[in-house]
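Full structure from sequences and hints, please.
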Amino acid sequence: MAGPPKKRSSAAKKERRTKRKVCSFCADKLPDINYKDVPRLRKYVSERGKILPRRISGNCAKHQRLLTVAVKRARIIAFLPFTSE
Amino acid sequence: MTTDYEVTYIIKPSLEDADIETRVEQLAESIRQKGADVGEIDKMGRRRLAYEIDDVREGFYVVMKFRSDPPIAKELERQLRLNEDVMRALLINLND
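Respectively, the protein sequence lines represent chains P and U.
If you count the first sequence from 1, you need to add 17 to reach the working numbering.
If you count the second sequence from 1, you need to add 776 to reach the working numbering.
These are computed hints drawn from the structure, not numbers from a lab.
Remember, predicted model here, so these are calculated numbers, not experimental data.
Ideal Cβ placement from N, Cα and C applies to all residues, glycine included.
Careful: at least some of the hints might be erroneous.
With beta-carbon atoms standing in for the labels, derived distance ranges [what the hints assert, rightly or not]:
id : chain 1 : residue 1 : chain 2 : residue 2 : range
1  : P       : Val39     : U       : Gln809    : 45 to 53 Å
2  : P       : Ile93     : U       : Glu801    : 21 to 29 Å
3  : U       : Thr798    : P       : Val39     : 42 to 50 Å
4  : U       : Gln809    : P       : Lys38     : 50 to 58 Å
5  : U       : Glu801    : P       : Asn51     : 24 to 32 Å
6  : U       : Lys841    : P       : Lys46     : 20 to 28 Å
7  : U       : Leu858    : P       : Cys43     : 37 to 45 Å
8  : P       : Pro70     : U       : Thr778    : 35 to 43 Å
The structure is reproduced here in structure tokens:
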């Protein structure tokens, strides 16, 4: 008797979590992710300057890969900080 | 076998604008002589750096596109690193 309600509640929880974000790079159909596009890259780094994980940014694997390269290039050329604070 | 490259470098902001201009031209000319095909040169101008480099918080950004054989690009990168007026340089292969 205690089984079914429990199951339902955990299923409900799961459903809430699977609200899938759409990769914003796929949506915008940009040809590449440019390391000079600072305002855009800014959205994908934390306040500390770390690159946000996919589970937070909602990017697809392909674009996340390209994004990390772009952010790292931007850091080399001082468009983005390696670290802040 | 030529490759498309893009090089971004930061010149010390303490230099006069006219001096920066000549230096940018010199660098472009140095690879042109070796057979590189220099494309667009975008002088983005003075910008704030995201972090301090050599006690400076600002730099003059230049982006240059060119097409050449890989050794020419490598040599340009080396020259930029040796150049005292260049604070940072980033060479990128546009083909991959």
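Verification of the supplied hints:
no. : hint                           : result
1   : P:Val39 - U:Gln809: 45 to 53 Å : holds, 50 Å
2   : P:Ile93 - U:Glu801: 21 to 29 Å : holds, 24 Å
3   : U:Thr798 - P:Val39: 42 to 50 Å : holds, 49 Å
4   : U:Gln809 - P:Lys38: 50 to 58 Å : holds, 51 Å
5   : U:Glu801 - P:Asn51: 24 to 32 Å : holds, 25 Å
6   : U:Lys841 - P:Lys46: 20 to 28 Å : holds, 23 Å
7   : U:Leu858 - P:Cys43: 37 to 45 Å : holds, 42 Å
8   : P:Pro70 - U:Thr778: 35 to 43 Å : holds, 39 Å
Comparing the model with each numbered hint stated earlier shows that all of them hold.
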